[in-house]
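Starting from the known structure of chain A, fit chain B with the ligands onto it as the hints suggest.
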Amino acid sequence: MLFDPSHFTEMLPDIWKAFGQTLLMVGISLAVALVIGLPLGLLLFITGKGLFSTSRSGLLGNRFVNVVVGFIVNLIRSIPYIILLVALFPVTKWLIGDTIGPIAASVSLSVASIPFFARLVETSLREIDKGVIEASIAVGATRWMIIKDVLLPEAKSGVIQGITMTIISLVAYSAMAGIIGGGGIGDLAIRFGYYRYDNTIMIATVVILIIIVQAIQLAGDAIAKAVDKR
Amino acid sequence: MLEIQNVSKIYKVKKKSVTGVDHVSLTIDNGEIFGIVGYSGAGKSSLLRCINLLEQPTDGQILIDGQDLTKLKGEQLRQARLKIGMIFQHFYLISQKTVGENIEFALKAANISKEKRNERVKELLHMVGLSDKKDVFPAQLSGGQKQRVGIARALANNPSILLCDEATSALDPTTTTSILRLLKKINRELGITIILITHEMDVVKEICDRMAIMQNGKVIEEGAVYDIFANPEKPLTQEFINSVVSFDIPPTILQNVKGRIVKILFKGDVAGEGVISDMLQQFEVRGNFLHGTIEYIQERPLGIFLMELNGQVADINRSISYMESRGVTVEVLDNVI
Ligand SMILES: Nc1ncnc2c1ncn2[C@@H]1O[C@H](COP(=O)(O)OP(=O)(O)OP(=O)(O)O)[C@@H](O)[C@H]1O
Ligand SMILES: [Mg+2]
Chain A
5 MLFDPSHFTE
15 MLPDIWKAFG
25 QTLLMVGISL
35 AVALVIGLPL
45 GLLLFITGKG
55 LFSTSRSGLL
65 GNRFVNVVVG
75 FIVNLIRSIP
85 YIILLVALFP
95 VTKWLIGDTI
105 GPIAASVSLS
115 VASIPFFARL
125 VETSLREIDK
135 GVIEASIAVG
145 ATRWMIIKDV
155 LLPEAKSGVI
165 QGITMTIISL
175 VAYSAMAGII
185 GGGGIGDLAI
195 RFGYYRYDNT
205 IMIATVVILI
215 IIVQAIQLAG
225 DAIAKAVDKR
Chain B
636 MLEIQNVSKI
646 YKVKKKSVTG
656 VDHVSLTIDN
666 GEIFGIVGYS
676 GAGKSSLLRC
686 INLLEQPTDG
696 QILIDGQDLT
706 KLKGEQLRQA
716 RLKIGMIFQH
726 FYLISQKTVG
736 ENIEFALKAA
746 NISKEKRNER
756 VKELLHMVGL
766 SDKKDVFPAQ
776 LSGGQKQRVG
786 IARALANNPS
796 ILLCDEATSA
806 LDPTTTTSIL
816 RLLKKINREL
826 GITIILITHE
836 MDVVKEICDR
846 MAIMQNGKVI
856 EEGAVYDIFA
866 NPEKPLTQEF
876 INSVVSFDIP
886 PTILQNVKGR
896 IVKILFKGDV
906 AGEGVISDML
916 QQFEVRGNFL
926 HGTIEYIQER
936 PLGIFLMELN
946 GQVADINRSI
956 SYMESRGVTV
966 EVLDNVI
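These protein sequence lines map, in sequence, to chains A and B.
For what it's worth, the numbering used here labels the leading residue of the first sequence as 5, then goes sequentially.
For what it's worth, the numbering used here labels the leading residue of the second sequence as 636, then goes sequentially.
With the rest of the complex left out, here is chain A (with noise of 0.2 Å):
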């Protein structure tokens, strides 16, 4: 039999109780990378190239900092989620305690989602019309308030979708992070549905992730729209 719901109901404890382990890891790595990632992100784009480079625009250019954030960013991004979380062992084995568990595995998902927000964020502030940029140059306003008045403002709907992809992606990464033990949903589709071969489990959990991903891309797309003044 496929799909055993007599099965689901017993198995029902365990599947809530991954659910929430998801949801923890998810939680605090998605904090993690708004609170580096955002500034992060920001910084990649005022010292980038452009209207931002000229020291006369009176807003920050530099291109040392711009290169060497680039490159860290890039390096992590280009290094798989599965190698990231074993190369992170030793830092999170000093900073938990552990290597193991929803906590421990928040390290690095954390640290793979820090660079992925920040080139978000980084996008969605290029999307910003450089003539309103320059409109508040022209009006004599401070970096400090073209940042928090125009930057922030004018990306933030951009920004809120970019929370729900990298929430998204933090739900796929955390399923990996199931196989060494890290917890969760991903963690119980391996170890019933992938290693007993229980189909019910493996339905269950894939419909679960299924309705997670639709309802935060529905969320996300709602308020973005929501948000949005144009």
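Quick list of in silico lysine-lysine cross-link-like pairs, BS3-like style, CA-CA up to 25 Å: (1) Lys-751/B <-> Lys-732/B; (2) Lys-160/A <-> Lys-743/B; (3) Lys-768/B <-> Lys-160/A; (4) Lys-718/B <-> Lys-134/A; (5) Lys-134/A <-> Lys-651/B; (6) Lys-732/B <-> Lys-233/A; (7) Lys-743/B <-> Lys-233/A; (8) Lys-152/A <-> Lys-768/B; (9) Lys-732/B <-> Lys-134/A; (10) Lys-152/A <-> Lys-708/B; (11) Lys-134/A <-> Lys-743/B.
Source of the hints: derived by calculation from the structure; they are not laboratory data.
Chain B with the ligands in isolation, oriented as in the chain A frame:
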């Protein structure tokens, strides 16, 4: 007074140099409306953007009341920019902020307290006729209304100069007229010097006191708008004038012309028609009007007529001298138009 002294702007694009502005010098007096015209790529925007240092000139100085802006950096430059407003063809308002917040943004740059900001925003909205739009987002406004917000933002900190880069080019004729009227009002009531770029001579004719024509980064002609309309020297200038004051005479009519074609120009108060009728009475010359118009530039009439004169060559010559002696400019076109 704004002095643009020998300003050049050379853009470096992939090791190649592109000249935007080529050794331009202009002096613009306080309180005047100065128009800069030229075709696309002539360097108008580049020059305008050099004035508030959005572009750093490669060479030359920008002096405002004697202070050289090109020497300023950072905070000093920012302070100087508070006194130079700028508006754009595409408005460039912050789309995620309300009309009121967009204007308030400029006031924040000048460190104005919250209460004073509120007061001033109200004042500015009233001035541009948008008192009921304070809490509306730019997306809900028409082009003309967006430009009014742009103007309010530019004037927030009582600038002495307002730079307008094709401010009416994205607007329909009626809206253009209303924006030009607003600019004129601002100029008259607040005494703000306005420098405006356009490729429409109509705009210049409507509100500018003086003008410059640009081509390939250079200013090729400069002067009072009236004088330039009356007597354009460079071919490009004539081309621009013709776009407003055109004298296209159908070829079939030209074929029937037997006499001499003259272009007669009446400036200001010279009573044009009177001079012509006097001339026709005194000389053995028959006249035939082919074309005529009276343009009002800054409320001063400029009459331009094309006439066919028939008669003896000597009589025609004497009639021309006579008209010239009465203060009229006469140009013999000799059938070539
Ligand atoms: N940022 C830039 N980088 C490189 N070249 C530029 C830049 N801005 C302007 N140019 C060049 O300088 C010249 C003058 O351009 P500018 O925009 O000042 O012309 P314009 O008279 O304002 O034209 P338009 O009527 O189309 O706005 C053009 O050849 C243009 O390609
Ligand atoms: Mg231009």
